[in-house]
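Trainee: Taken in order, these protein sequences are the chains called A and B. Just so you know, the first sequence maps onto residues 1 to 814 in my numbering. Just so you know, the second sequence maps onto residues 1001 to 1119 in my numbering.
For the record, the hints were derived by calculation from the structure and aren't laboratory data. Please note that a few of the clues may not be correct.
Which stretches of chain B does chain A cover? Using the computed rule of at least three CB atoms under 8 Å from a CB of chain A, they are [to be verified]: (1) 1007-1013; (2) 1035-1046; (3) 1101-1113.
From chain B, some residues computed to sit far from chain A (all C-beta separations above 12 Å) [as the list claims (entries may be wrong)]: (4) Met1001; (5) Trp1058; (6) Lys1076; (7) Ile1088; (8) Ile1097.
Here are the computed distance ranges between Cβ atoms for each label pair [as the list claims (entries may be wrong)]: (9) Gln23/A with Ile1016/B: 24 to 30 Å; (10) Gly1085/B with Pro673/A: 31 to 37 Å; (11) Asn1070/B with Ser472/A: 47 to 53 Å; (12) Ser1021/B with Asp616/A: 51 to 57 Å.
These numbers come from a predicted model, not from an experiment. Note that CB positions come from ideal geometry on N, CA and C, so glycine has one too.
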Amino acid sequence: MRVVPFIISAVFSSALIVGLNKQWGSIPPMGKFLHPQYGFWQNAEPSSQSFDADLSIEDLKGNANVYLDERLVPHVFAENDEDLYFIQGYLHAKFRLFQMDLQTKAAEGRASEIAGEKAINYDKEQRRLGMRFAAENAMKEIEKEAAYKKLFDAYTNGVNTYINSLTESSVPLEYKLLNFQPEKWTNLRTALLLKMMAKMLSSGTEKDLDYTNAKAIFLPDQLKKLYPQVPDSLLPIIPKGTAFEKPGIIPVPPANADSLYINNTESVVANEISKPDINNGSNNWVVAGSKTQSGVPILSNDPHLELSLPSIWYEIQLQTPSSNTYGVSLPGSPFIIIGFNDSIAWGVTNSQRDVKDYYDIKFKDDKTKEEYWFNGEWQKSSLRVETIKVKGGDDVLDTVAYTVFGPVMFDKSHPDTIKGNRNLAVRWTAHDPSNEAITFYKLNRASNYDEYVEAIKSFECPGQNFVFASKSGDIAIWQQGNFPARWDRQGLFVMPGADSSFMWQGFIPQEENPHIKNPARGFLESANQRPADSTYPYFIPGSYISARAITIENYLKDMNAITPDDMMKLQNNYFNTLAEDVRPILLKYIREGDLSSTEKKYLDIFRNWDLMASPDSKGQTIYQCWFDSLEVGIWKDDLTRSNPMAPWPEEQTTMEWLKRDSAFSFIDDITTPEVETIYDIVTAALKKASVNLAKNEMEGKLEWSKFKDPTIYHLLKTALPAFARTGLHVGGNGNIINAVTHSHGPSWRMIVQMSTPTEAYGVYPGGQSGNPGSKFYDDYIDNWVNGKYFKLWYMREGDRLDKNIKWTMKFKKA
Amino acid sequence: MKFLVATILTALLAFIAGLFSFSPWWGFAITSLLVAVLVHQKAGKAFLAGFTGVFLLWGGLAWWIDMSNNSVLSAKIANVLPLGGNTIYLILVTGFIGGLVAGMSALSGSYLRSSGHHR
């Protein structure tokens, strides 16, 4: 042996292996990562991959088959409910494991375990919002009834059975890239996923902190005009003129409401880091047989959410001898969330209702947070010490005080921006014990209107507009949720928390939630607008969006002999209703004589625009830039009188105000000595917008789709641009029916005609497989971009030999 | 002849080591070292045989996987790693890393067996 050379080469070899086994910053361990038998190459799925399988599983009660069609949609045929949801869990894990794992970890405030220290503040916020607290409360409710608990247990078992079958080479790609391991599933994680949805849809629908700052600078009367509860142009979900019953509960404001609350002008410095996207909304509508060519109802739904790869939805059919349901599910939860069975179809949009309020808390000692002042004495708070594990760093501890209202979300130790002595506790309906998932279990099996009503009535949070159609010809909509009964302006702003007088006095009785069945006009629609006009006997604040509902209603009321094809066209419609109202105003007040030739060119394009936000439209880009500049010109000087600034009025409000009164006082720019008129502001706005427009035109980005660059990111967003689909040729906007923004929009489009047999169509911007190495990762996107749909194959018992079946997974009881 | 035998044996054993899920990813470093001990060659040749064996194995496997995947994944990974989206480079880098580890291990194996200058 040549000792010295051997030692040198052996040491060098070992060092090489150790170096290749280690993660360097964001670079995964390269040795394992590149190894063709262990690393990422193992995730490169052959294009001829077979998904046939023979599985023998102890936990099953009987045998079951999963038939996969050519789009990789599973049609699950099981003998009983438990096996059905076991297999749903297994399939979710097989095709979407990383997504489920990441989303629930993030929901719980454990993102730092994966992303490192940059996610610490995000994690703190999730914990301070009480996400795990909410999930634990939901769990108590879920586990109360053995008949329901076993369904969740079966789902969890299915997920874990798949996780246990994984080897180092078969774990999903993202685990290899980020160098961590999948974690076992639990029922609590299912609850966490549902609370993530609750946050997405009911946590960003209040602006209490912003409105509190607005209250610091505007008079009560001004506030009502800047942030109106009922817009002039509102077309509510429940058609105007529908009579409402007398309220079952009449909340009374406390005697000191004016002095302590309404006229309190103290501002608040607190920011949510991960406030849900304001565009989280949706469209749904249903037309009765009287308006369709086939004579049966047609139901349409497209939920608007952050678009991601893999998609938030997973398409599936679930069949047992007693039920047969088709639709989309959420990986991480059993049941079908939006879909249809042989008797009914249903869909959801967000209610946009405000169900989250803040209360001022006074601690005896801001450091320990052990006692707070309530009803004239010091009360013990319940302290929860949160341990945040950080990848590549030390654990971070954060103590959250729970009060009678809920967790104290903002205090001196978080975030760093809060000043003064304000500690804010959050009261949020998502914290209340409830079992939302079971609504879907029942809806999946409902066969008529009464069973649909029975299924949804226990659904508390997030409030949803459940649209409904049945084969027996009924159409209906219910805005369902557990909503506080508020006195006028209760909870619009941060409320005093020194005693119980400002607490919620009760909830609106469930049967008084806005609803309507079989209206004479033959159609119903909801698109995140206020559910009812001012005759609804409750104060119901929220983040409502009016424009899409107006467009939908204008089309539907004129349509007759409607076909599924018409509904597809409507879901992909680009008409800009708000611009239709705004254009004459802009054209009226523009001073053409003051414009340069470039500005004049943009004005001409805008003047001749067809009002469609289509992908190649230049008019839409000009409109949007001009209107955005106009809003800045009118409001910014006034809103920034408060620090932090007061919230922007809705664009609908700006439009209505300009229409009503072009000389209103906010037009004037208070930062200049001159008094500006509407002519000055409109003209200046175009001039300002033109600078931006000219820059974009130089870069070849004046067309709307190039300007907004529609992109569907991988779940890890900009950290993995290579896994995203960018530059999609699709138009639309948040206020357009086809609500595609830069990375947000219709996450599932579905149309169901209640004929015999049922005729259904659907598409989502993604693919069934979460594996970026699979051709099924993003194979639906082109169809989605082009407004095309897949015919949804509602498989029946007799179809087990059908040619649509491409692969079969056989599950046998071991 | 010895070179060819060593190369083929290195590739074969490295492949087999990769089939067992209980073996760590660097199992082929051990087998490459063993091959160099059993089929003794001078240091430079041993390194080259080890390198070539695993370079061809890894590069070949990666190329084969990539073909049947229509480069769906490699195109993405070649952007995650700084390779400008070039899938051929990704296959070559894969082969090179495997080859380097195997070559260095074989070098060690050769020195381990070698009895000095008089052989």
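Trainee: Please list, smallest to largest, the hint numbers that this structure does not respect.
Mentor: 1, 2, 5, 6, 8, 10
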